Amino acid sequence: MLTFSQSIAGIDGTAARFDGYVLDNSPELDMGRRRPAVLILPGGAYAMTSDREAEPVAVNLLAHGFQAFVLRYSCAPSVFPTALVETAEAMRRIREHADEWHVDPGRIVVMGFSAGGHAAALFAEQWDGALLAGHGYEAEAIRPNGLALGYPVITSGPFAHRGSIDNLLGERKDDPQLLDLVCLERHVKAGTVPPTFIWTTATDDAVPAANTTMFVDALLAAGVGVEAHVFPTGRHGLSLGTEETADTPERVESCVQVWPDLLAAWIRGVVR
882 MLTFSQSIAG
892 IDGTAARFDG
902 YVLDNSPELD
912 MGRRRPAVLI
922 LPGGAYAMTS
932 DREAEPVAVN
942 LLAHGFQAFV
952 LRYSCAPSVF
962 PTALVETAEA
972 MRRIREHADE
982 WHVDPGRIVV
992 MGFSAGGHAA
1002 ALFAEQWDGA
1012 LLAGHGYEAE
1022 AIRPNGLALG
1032 YPVITSGPFA
1042 HRGSIDNLLG
1052 ERKDDPQLLD
1062 LVCLERHVKA
1072 GTVPPTFIWT
1082 TATDDAVPAA
1092 NTTMFVDALL
1102 AAGVGVEAHV
1112 FPTGRHGLSL
1122 GTEETADTPE
1132 RVESCVQVWP
1142 DLLAAWIRGV
1152 VR
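For the sequence shown, this note's numbering begins at 882 and goes up steadily by one.
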């Protein structure tokens, strides 16, 4: 297995970290094998990126036969659109190095948790827009083929996780145009947002499940394919819901532990 860490220069003078976890091909199996890839954006309220939603999730995806990458995007005091541009660069690198990293370039999923879910979904809405084109990115080089979200921050409206939105926008946190842009349930468009897998818990104590259900409603209204799971119990920030990713006993939650298997089946069946 190849592991590596690279730097991505931020547009504000900061730097993101791009980590790769790449399975080798074997002559006993298929030297030409290309695997789906998942770019993981950890959560952390746009103030940090959580370890619990980074390498442990990547290793789990490797066990399912996928190549995995983690983007430690720039957080506060960095503000919009720094993380968005860094996500575009990470996607460009994965597709550019598809041969070297044994990636199927038509099966690259962007995945995020909590505020990282907001970053992933924002990218899924903006990858073919003028903002990223203005930073020199060709849309087809950064196109996501799937979107996967775990207990995501979605809205800047009444059900917002206000800390995440404030950290993302900084001094412009009251700008109505920016608040509308980052209110993601308002901007789902068929042909831009790819098929989506999304999960949350009914008892999320920080980011209300309404964030997920509002986004699901918007996806359905736009005709975007979606698989959604609302598990009955569990606090915010569960990651895998196992002892491996739990920082407190309350973050071990058996009912959510199936989500990686559900995601793997969805990638194999839908992201093609």
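By construction, these hints were calculated from the structure, which means they are not laboratory data.
A portion of the hints provided could be inaccurate.
Label pairs and their in silico Cβ distance ranges [to be verified]:
(1) R1067 - P1113: 21 to 31 Å
(2) P958 - P1057: 19 to 29 Å
(3) V940 - P1113: 18 to 28 Å
(4) G1017 - T1084: 36 to 46 Å
(5) E909 - L1012: 37 to 47 Å
(6) P1057 - M912: 46 to 56 Å
(7) V1111 - R1067: 15 to 25 Å
(8) G1015 - D1086: 34 to 44 Å
(9) D1061 - L910: 45 to 55 Å
(10) E1021 - D1056: 28 to 38 Å
(11) E1021 - Q887: 14 to 24 Å
(12) V1111 - V940: 23 to 33 Å
(13) D1061 - S1135: 32 to 42 Å
(14) S886 - A1071: 29 to 39 Å
Since the structure is predicted, the reported quantities are computational estimates derived from the model, not experimental observations.
Every residue, glycine too, gets a C-beta built ideally from N, C-alpha and C.
In this structure, is the beta-carbon distance linking V1111 and R1067 contained in 15 to 25 Å?
Given a distance of about 21 Å, which is inside 15 to 25 Å, the answer is holds.
Confirm or reject the claim that S886 and A1071 have a C-beta distance inside 29 to 39 Å.
holds (36 Å)
Should the hint that E909 and L1012 are 37 to 47 Å apart at their CB atoms be regarded as holding?
holds (46 Å)
Is 46 to 56 Å right for how far apart the beta carbons of P1057 and M912 are?
For P1057 and M912 the Cβ distance comes to about 55 Å; the hint holds.
Honestly, do E1021 and D1056 meet the 28 to 38 Å range at C-beta?
holds (31 Å)
Does the Cβ pair D1061, L910 satisfy 45 to 55 Å?
With a Cβ separation near 49 Å, D1061 and L910 satisfy 45 to 55 Å, so the hint holds.
Verify the CB-CB distance for G1015 and D1086 against the hinted window 34 to 44 Å.
holds (39 Å)
Distance restraint hint 32 to 42 Å, applied to the beta-carbon atoms of D1061 and S1135
Since D1061 and S1135 have Cβ atoms about 39 Å apart, the given range 32 to 42 Å holds.
Could you see if the CB distance from P958 to P1057 stays within 19 to 29 Å?
holds (22 Å)
Go ahead and decide if the range 18 to 28 Å is satisfied by the Cβ distance of V940 to P1113.
holds (27 Å)
Cβ separation of G1017 and T1084, checked against the hinted range 36 to 46 Å:
holds (44 Å)
Cβ distance range 21 to 31 Å for R1067 and P1113, holds or violated
This hint holds: roughly 29 Å between Cβ atoms.
Hint check: no violations occur; every hint is consistent with the structure.
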